[in-house]
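Here the structure of chain W is known, so what remains is to put chain R in place on it, guided by the hints.
Chains as they are written, first to last, in the numbering used here: chain W, 1 to 254; chain R, 1001 to 1254.
Just so you know, these hints were derived from the structure itself, not from any lab. From a predicted model like this one, the values you see are computed outputs, not experimental measurements. Yeah, the Cβ is synthetic: ideal placement off N, Cα and C, and Gly gets one too. Mixed in with the good hints, there may be bad ones.
[Stated by the list, open to error] Pairs of lysine-lysine residues, derived as DSS-like cross-links and limited to a Cα-Cα distance of at most 27 Å, are as follows:
#1 W:Lys174 to R:Lys1002
#2 R:Lys1138 to W:Lys19
#3 W:Lys174 to R:Lys1138
#4 R:Lys1034 to W:Lys174
#5 R:Lys1002 to R:Lys1034
[Claimed, not checked] Chain W residues, not near chain R, derived (Cβ > 10 Å throughout):
#6 Asp121
#7 Gly156
#8 Val168
#9 His226
[Stated by the list, open to error] In silico negatives: residues of chain R with every beta carbon more than 12 Å from chain W:
#10 Gly1105
#11 Glu1127
#12 Leu1194
Protein chains: 2
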Amino acid sequence: MKEYEGYLIDLDGTMYRGKESIPEAVQFVARLRKKDIPFLFVTNNSSKTPRQVAEHLNHLGMEAKEEEVFTTSMAAANYLYDHHPNTSIYVIGETGLMSALEERGLKLTDEDPEAVIIGIDRKITYEKLAKACLSVRKGAMFFSTNGDIALPTEKGLLPGNGAITSVVSISTQKEPIFIGKPHRIIMEQALKVLGSIKEKTLMVGDNYDTDILAGINIGMDTLLVHTGVTTREALKEKKSQPTHVLDTLEEWNI
Amino acid sequence: MKEYEGYLIDLDGTMYRGKESIPEAVQFVARLRKKDIPFLFVTNNSSKTPRQVAEHLNHLGMEAKEEEVFTTSMAAANYLYDHHPNTSIYVIGETGLMSALEERGLKLTDEDPEAVIIGIDRKITYEKLAKACLSVRKGAMFFSTNGDIALPTEKGLLPGNGAITSVVSISTQKEPIFIGKPHRIIMEQALKVLGSIKEKTLMVGDNYDTDILAGINIGMDTLLVHTGVTTREALKEKKSQPTHVLDTLEEWNI
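This is chain W alone, in the form it adopts within the complex (with noise of 0.2 Å):
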């Protein structure tokens, strides 16, 4: 068996179910911290900070440090500043979005944007959609924290960034460069604060359509974990398989 020397983790489905803690997951992570190989935890959740999302991993009982997340937002502002850096972007967006982007030194607009870029925002209005129509229609790049059309929560799937963004793409005809997974921005920008090659690292994750077609885009050997979302069932009927597949991490060897 290949030794991973850097591993990409994704948290929804493989780390946690709901409010609960996958157990398997966490002893998985405490043998990596062991054994001092380097990981991150990668999320398509915009709306939060790295340090929300380290303290939503404790408080469900993970050991947790701002450091080891990467979430779109920063894959955003890492993109951005890497090669827009003097763009000025309207954002639509929530905390998680704005602080990146803002930490990163990014000039935001509210007039006469060169950029947009939407996360999910759960105080939309038609105004903002309409002002981040017209400037796409004029010619602003159109950038999209990720794609995915549906957010779980207790109260059911409620509308995802995918969805909110569609009002724009649908409305000018113009389709987004997408940052979060399955798409590579997020893992070229993972891969850089990780400081691992994509050959030796190992992407992890429960979804297949976001989590292991990510790596499969990037070109990075991938472990498919039935804890969350892809079924034996839907992933049989996948064309590009993962690397390795497992019902839960505990069978996984460092």
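Same frame as chain W, but now just chain R:
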């Protein structure tokens, strides 16, 4: 030339452009009135009541009565009254839609609806969209007044109801039943109100993709007038051609 016994006539781009009425179209309607030929103005605008639409036309210097206006909200209300009279409905929309449904005595609700209908709502919130998503996922019927992706305003093209509706259709992966042009329901309901059979009625409009397709979809004759959206060049690309094509309605003999 076939003599038509009734006319369905689009408004924006056909009767007026922006803040100006189109004189040839106004004269055309005056000739219809003089000959007592029944007509209805048929609009995908769901936000206004027929009285408000008539007032707007009068304001633009055109004579128009409330009874001559048929909105997609009225079509929705008539359709629901005909087919689902006792169904509880959750409504996202503005005055035009709310009052059309109320006038038909339909049962509007905020909780556990059996149907959801979405019309343009410039006071849209995440909560409203979430409620629609949860209801549609639970099996509620799903309607949308119209699929227009953009709303022309002085500020530019803002998100139309098709773009707003996409939040729910993308998130739930369920397609709504659209009421407005180019779909059949508004045409069927307009013909009922007009009291004219489709074989002897002409659909008149400037927009191939809404007005003309609406006529074609229901098997009516159509007249495309080049005073608005669809240019001669764009029309050449279309497989099914309108029955008649004119530069202005001055050329139309009644």
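- Query: Is the Cβ of R:Leu1194 more than 12 Å away from each Cβ in chain W?
  - Reply: Its Cβ never comes within 12 Å of chain W, the nearest being 32 Å, so this holds.
Over 10 Å to the closest beta carbon of chain R is the bar; see if W:His226 clears it. holds (23 Å)
Query raised in the report: Is it true that the CA of W:Lys174 sits at most 27 Å from the CA of R:Lys1138?
Result: violated (31 Å)
- [ ] Please settle this one: R:Gly1105 was flagged as non-interface, so is its CB more than 12 Å from every CB on chain W?
- [x] holds (29 Å)
Can you confirm whether the C-alpha distance between R:Lys1002 and R:Lys1034 stays at or below 27 Å? It holds: about 19 Å lies between the C-alpha atoms, which stays within 27 Å.
Straight-line alpha-carbon gap R:Lys1034 to W:Lys174, limit 27 Å = violated (47 Å)
Over 10 Å from every CB of chain R: does W:Asp121 meet that, or does the non-interface label fail? Incorrect as stated: the minimum Cβ-Cβ distance to chain R is 7 Å, not above 10 Å.
Practice problem: Beyond 10 Å from every chain R Cβ: check whether that's true for W:Val168. | Solution: Per Cβ check, W:Val168 is inside 10 Å of chain R; nearest 7 Å; violated.
So R:Glu1127 supposedly isn't at the interface. Is its beta-carbon more than 12 Å from every beta-carbon in chain W? violated (8 Å)
Beyond 10 Å from each Cβ of chain R, as asserted for W:Gly156
Answer for W:Gly156: violated, closest chain R Cβ roughly 5 Å.
Report task. Starting from W:Lys174, check that the Cα of R:Lys1002 is at most 27 Å away, please. Result -> violated (43 Å)
Are R:Lys1138 and W:Lys19 close enough, with their CA atoms no more than 27 Å apart? The given pair, whose Cα atoms are some 23 Å apart, holds under the 27 Å limit.
Of the numbered hints stated above, those contradicted by the structure are hints 1, 3, 4, 6, 7, 8 and 11, listed in ascending order.
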